[in-house]
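Trainee: Chains as they are written, first to last, in my numbering: chain W, 2 to 135; chain G, 2 to 135; chain Z, 2 to 135; chain P, 2 to 135.
Incorrect hints may appear among the rest.
Copies of the same chain look alike in the list, so a pair counts if it works inside one copy or between any two.
[Unchecked claim] Listed below are the simulated DSBU-like cross-link pairs for lysine-lysine, each with C-alpha atoms no more than 30 Å apart in a straight line:
{"#": "1", "residue 1": "Lys118", "residue 2": "Lys99"}
{"#": "2", "residue 1": "Lys64", "residue 2": "Lys106"}
{"#": "3", "residue 1": "Lys118", "residue 2": "Lys106"}
{"#": "4", "residue 1": "Lys64", "residue 2": "Lys47"}
These are calculated hints, taken from the structure and not from any lab test.
Being a predicted model, the structure only gives us computed values, none of them experimental.
Each chain, letter by letter, is given below.
4 protein chains.
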Amino acid sequence: MYQHETQIRVRYGETDQMGIVYYGNYCLYYEVARVEAIRDLGLTYKDLEEAGYQMPVVRVESKYIQGAQYDDLLTISSSVRELPDRFIVFDVEITREKTSIHLGKVTLCFRDSATGKRVRAPEMLLEKIRPYFH
Amino acid sequence: MYQHETQIRVRYGETDQMGIVYYGNYCLYYEVARVEAIRDLGLTYKDLEEAGYQMPVVRVESKYIQGAQYDDLLTISSSVRELPDRFIVFDVEITREKTSIHLGKVTLCFRDSATGKRVRAPEMLLEKIRPYFH
Amino acid sequence: MYQHETQIRVRYGETDQMGIVYYGNYCLYYEVARVEAIRDLGLTYKDLEEAGYQMPVVRVESKYIQGAQYDDLLTISSSVRELPDRFIVFDVEITREKTSIHLGKVTLCFRDSATGKRVRAPEMLLEKIRPYFH
Amino acid sequence: MYQHETQIRVRYGETDQMGIVYYGNYCLYYEVARVEAIRDLGLTYKDLEEAGYQMPVVRVESKYIQGAQYDDLLTISSSVRELPDRFIVFDVEITREKTSIHLGKVTLCFRDSATGKRVRAPEMLLEKIRPYFH
């Protein structure tokens with residue numbers, strides 16, 4: 002398993018008039034978390050795009066436990082529990098002062114950006130993440 | 002079952018550099034669809050808030066089939082398949098030129114905005130939607 | 002002068018915890034207004050992009066008079082007061098129930114998307130808008 | 002003059018299909034910059050709200066020089082050049098690798114959140130910022 006943690010400060014523009022983070026904005030947090038998780042492996046999502054790969058999201062599940070609030074400092078933990086093949090799945094847990102307030106699960110596929118066709122996880126990603134699965 | 006259809010035009014600001022709608026922005030479309038579905042019942046979500054109720058989202062599931070693109074005119078169909086009680090569930094299907102491109106399922110609870118406590122679906126909503134369940 | 006009016010319903014996700022539309026989201030409204038203004042001329046911004054032009058924003062000025070609120074139905078009026086040449090300028094006025102609540106001025110340039118270089122307004126746009134300037 | 006610098010990493014969801022940050026999203030960057038500028042003074046915008054003040058934006062001017070791109074690490078410098086009274090003005094400069102790519106100027110007023118009326122800058126802010134103006 003590959004696991005990574007990052008922190009995010011809630012922006013004012015991410016809240017709505019209920020006084021909590023708008024429910025669609027958690028997707029931005031998932032994104033930051035997985036981008037930083039990939040960066041910590043030693044490559045960047047930008048490298049992947051420049052090498053001709055895109056990673057469109059194909060499935061999201063979100064469970065809202067408590068609403069994150071303006072200026073909260075959130076810890077976002079992402080876990081990849083299975084070696085990516087046709088898909089990569091990030092399990093996300095968001096905690097605020099050690100309390101779990103949100104769970105997410107994001108499944109992405111890999112696409113050749115020239116042809117638009119789905120492909121297997123690129124070797125440049127696999128060689129970085131494989132060591133975590135032995 | 003209560004069903005409602007609305008249309009949305011994709012905004013430029015909703016796309017990302019992959020050239021498709023950013024995955025988190027579908028939540029805005031779900032919102033427009035359920036707000037219009039409620040309006041068509043003869044009350045508004047704003048009325049509900051002014052009467053002291055809030056409807057925070059507690060769960061979302063999204064399945065991305067094809068990416069919506071800039072300027073697409075999307076049809077968003079929302080269905081409430083069970084009479085709301087502690088929760089209300091909207092099943093959402095987004096179609097583009099009669100092809101299904103996205104599925105969503107959004108579960109919301111009801112909250113008393115003064116106490117912050119969860120409550121049952123308010124009667125002002127139930128009296129409007131109940132006729133669709135006989 | 003070319004003038005156009007469109008309407009927008011404020012979305013919940015566009016508000017912030019102050020209970021009004023987040024100040025950055027007016028840019029989405031300007032966008033919808035100018036896109037619809039162009040569409041009404043008989044071409045679309047998408048057509049322009051497909052013909053190899055992009056219109057990046059180079060300057061924005063916004064004056065916030067009253068905050069737009071959730072579910073408000075806003076009227077957005079866009080005016081092009083000078084025939085576009087190297088730039089096109091949209092003057093935007095947002096009204097709510099006939100009261101002016103927001104003013105904006107958006108200047109865009111024209112870019113050849115292949116070379117990335119700035120160009121003059123494309124003829125396909127000029128031929129549609131020129132009649133309004135005689 | 003009070004000056005502060007902060008850094009921001011461009012998120013994927015902040016780009017649009019032109020491959021640059023959507024023009025309205027710079028407002029999020031201005032917000033992060035001024036919030037961190039205030040925090041560095043030794044109070045938070047959240048403290049101000051909890052003390053009964055709000056700071057709605059009344060005016061924005063933006064000049065787009067070069068488009069910020071996905072994953073760019075931007076430096077955002079905010080300057081308050083005059084002691085706040087009825088308004089506070091933040092001059093923002095965004096640089097990427099020491100090149101200025103964007104300028105902004107954001108004017109906010111102060112409002113008593115209970116009455117909704119405009120007020121002078123609260124003393125709790127002035128006492129922190131006054132030393133920078135002697």
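Trainee: Each hint: holds or not?
Mentor: Status of the hints after comparison with the structure:
1. Lys118 <-> Lys99: between (41 Å within a copy, 23 Å between copies)
2. Lys64 <-> Lys106: Answer is both; intra-copy 9 Å and inter-copy 12 Å each pass.
3. Lys118 <-> Lys106: both (23 Å within a copy, 27 Å between copies)
4. Lys64 <-> Lys47: both (29 Å within a copy, 24 Å between copies)
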